[in-house]
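With the hints as constraints, model all of the structure from the sequences given.
Number of protein chains: 2
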Amino acid sequence: MSQNTLLHPRADLELPGRLAGSLTATRGAVMSTEDFPGWLDRHRQAHSFRVDRIPFGELDRWSFHPDTGNLLHDSGRFFTVEGLHVTTEAGPHREWYQPIIKQAEVGILGILVKEIGGVLHCLMQAKMEPGNPNLLQLSPTVQATRSNYTRVHEGAAVRYLEYFLQPGRGKVLADVLQSEHGAWFHRKSNRNMIVEVEDDIAPHGDFCWLTLGQIGELLHLDNVVNMDARTVLACAPIGAVDPDRARDPFVAALARSRNAGALHPDVELLSWFTAERARQSVRAERVPMAGLPSWVRGTHSIDRPDSRFFRVVAVSVQAGSREVSRWTQPLIEPLGLGITAFLTRRIDGVLHVLMRARAEAGFQDAVELGPTVQCVPGNHDDLPPEDRPAFLDLVLSADPSTVRFEAVHSEEGGRFLNAVSRYMVLEPDEDEVPLDPPPGFFWVTVGQLTSLVCHSNYVNVQARSLLACLNGMLAGTR
Amino acid sequence: MSQNTLLHPRADLELPGRLAGSLTATRGAVMSTEDFPGWLDRHRQAHSFRVDRIPFGELDRWSFHPDTGNLLHDSGRFFTVEGLHVTTEAGPHREWYQPIIKQAEVGILGILVKEIGGVLHCLMQAKMEPGNPNLLQLSPTVQATRSNYTRVHEGAAVRYLEYFLQPGRGKVLADVLQSEHGAWFHRKSNRNMIVEVEDDIAPHGDFCWLTLGQIGELLHLDNVVNMDARTVLACAPIGAVDPDRARDPFVAALARSRNAGALHPDVELLSWFTAERARQSVRAERVPMAGLPSWVRGTHSIDRPDSRFFRVVAVSVQAGSREVSRWTQPLIEPLGLGITAFLTRRIDGVLHVLMRARAEAGFQDAVELGPTVQCVPGNHDDLPPEDRPAFLDLVLSADPSTVRFEAVHSEEGGRFLNAVSRYMVLEPDEDEVPLDPPPGFFWVTVGQLTSLVCHSNYVNVQARSLLACLNGMLAGTR
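If you're matching them up, the sequences are chains A and B in order. Residue 56 in my numbering is what sits at position 56 of the first sequence, and the numbering runs on without skipping anything. Residue 1423 in my numbering is what sits at position 423 of the second sequence, and the numbering runs on without skipping anything.
These aren't lab readings, by the way, just hints derived from the structure by calculation. Just so it is clear, CB atoms sit at the ideal spot from N, CA and C, and this is done for glycine as well. Among the hints, a few may not be true.
Said to hold, decoys possible - Chain B stretches covered by chain A per the calculated footprint, using a threshold of three residues with CB under 8 Å from any CB of chain A: (1) 1173 to 1179; (2) 1261 to 1267.
To be verified - Quick look at which bits of chain A chain B covers, simulated, 3 or more residues with Cβ under 8 Å: (3) 7 to 18; (4) 256 to 266; (5) 269 to 276; (6) 448 to 457.
Take a look at the structure:
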């Protein structure tokens, strides 16, 4: 197209390669990966963070509604904890009640990127969240609810927010509403954005520039890269990586998986997914939390007498670097370490991931693609073998030689307390992961996942986290 | 890729061209377009269809629930008519109550295609629906709710259904869940499918083979191609059409719009759409229909004293060619002829369509892309100019020389009685449709729309109908 036309190519053909270049780059122009843990520790020590469990009665401006028993903030903003009545037509549990977080407003999770020394770098933040086991983790440039950025809590302004709210301040590379945990949130979604700037930006002290490859390396460390960063990174439309430069055959197969053919063409994948959405039926009705069957409200928690799943608790928070320095809030505290695993298989040299169509009660559209295995094993201890989550025992008993990736990561620390999972990528014997998998499972390439995450409600937050980890394994591939 | 690999290319690169070939073909191998109206009339006359309005008290197996006042079938299947309480933050109407159809189950709208004489033909059905003004219209091969095809009404089997339910009976060309009217349905979606077969199929007498181009020609006729056919046709991934063979410059610009560049790259379109979804807030709570404010239940209808919007009525139906030959059911009857219009503009020779991000109360995801104008003008008569729908007066007063397409089409005749709209494509003076449109509007190409309809909840049913009409204008372009 000539210079004088108003028209643009529909896609930026250079972008996937530029992002791939950042992914393979493990030497940052600003900070080395080796120096990063020290930098994060210095931030942790420089601030006096403190999180204490408190009784619900000590929550400030949060209270149980006298009629419904729902837990809400007296501004009507932030979120509420309500009841949900769920019925499904499949699985060992066909009907249950549970508390759920209702957060109607859409927040922004945004990463600002900038080319430094010819390589795209991400502006990442050391951010405290009360629910994280180690409090401070690496988060996106901006991580803000609408209540945050419209200043309901009258705190400090959100830094760099203007790049995400004002079209034209930068070039948008990705911008998609993505769901979050359907087991704990009712129809929650956040805007996942990546915006490239050319402006000179002097990072505030809590921020640092890292390449995608450096963040990929950090994803191997436990509890360093937070969930919000992982989900945004998964949405980057990263292009081809040269498999000939991979350090081992698995990584070469992973590199090929970004842009090769697939066991199933895209239209078959979409058709299978559509059939799963039409087939799996979940009815979720919001109900008052007062008198919720199987749940008991105590002074410090709302929990089940059998101590399964999770409980609702309250904390008080003191923080030096957040918009307001002291607050109280409810959190959901899952009980037990989760397992979040991709089973993979090389098919004609191209890595494929076994995705599961998961119906979660809080999803907007009932079904999304999740990891092969996603559960807290302890919640399923008393089930007969045929009702246990498919492939769970395979993951729990996996030979270490089949583990290609393993790290413990936390879920959203602003809503969940110590919600940690072991994120794993495994490559079992081919006998154990057949080409024709059980109903509800489907083999896809990493390239196919990358296409799907451009759109809402296809890939759930746990699978996006694992996709970020998979991508991160390509760091240093040259 | 070699013959021995398990891998497939992610996309079938020949398919878009084959569909484009069917679109430009106006000579069918089986029936000429000229003969079609006579064929449809003969079917109309051969059957004794009859639809009569009845009081709610004469509905068979349908009744108002004694507590909620909701209207439901005693099988618990099909659909219910319930109440909805809607609040929004924008527009002249910020809060209202209305009846709404709740139909949780996902149906199938499927078109079977087959290459005949080297050109893809669609197997279309002459189907009676009680709400259509002329009862019999051209419909997809299969148009069935789950209650239909699981035989809740104990009627005859749905012909050709097996091609859509059994993977492998044909090659899936498109398969996507699409929303339907958000003003009248609560979170309704249907599976829109196109499946290609190689089997020899002897069409039953109510079915005929037509090219996409023939159906395109029929879309110029009032009330011939039903809504279900239009929405499925819109999902066909049709490829490039040669603009040099177009019969006029508008059609040439339309042909270019299928695969040229665009005013906005795709990522800008997605980013604008994401921002609109995050910005526009609609809260819709299901409430009992009993005592619904502003609505009165009489013996024959539920309506508003001001006679606006729609009413709920009941009919008895006698039909010779449906799965069961006699039944009663409720219908929603909109009041007044709607206007459904695309405003278009050639930008550097490429046709662009002005889409509106519309929040409709019944949408699953709050906002979808709709036509530039979509309303029943009479519902807005008493509004001050600033509150009238944008561009409505431009459409109503359009110079006939700017009208590129015009036909009256009906909405789903199985749920709506005489729900008809004037579907229009206009090309006003460029002054009236600026490149930088008002908030909530965005210029897109037909190629961009075609990419979006591969995925759920982007393009609403009225815009999909108009997209089918636009595509149909390319019929005969060679």
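Checked hints:
1. 1173 to 1179: holds (count 5)
2. 1261 to 1267: holds (count 7)
3. 7 to 18: holds (count 6)
4. 256 to 266: holds (count 7)
5. 269 to 276: This one holds; 5 residues, not fewer than the three required, reach chain B with a Cβ under 8 Å.
6. 448 to 457: Holds: 5 residues of the stretch 448 to 457 of chain A have a Cβ under 8 Å from chain B.
Violation of the numbered hints given earlier is absent; every hint is satisfied by the structure.
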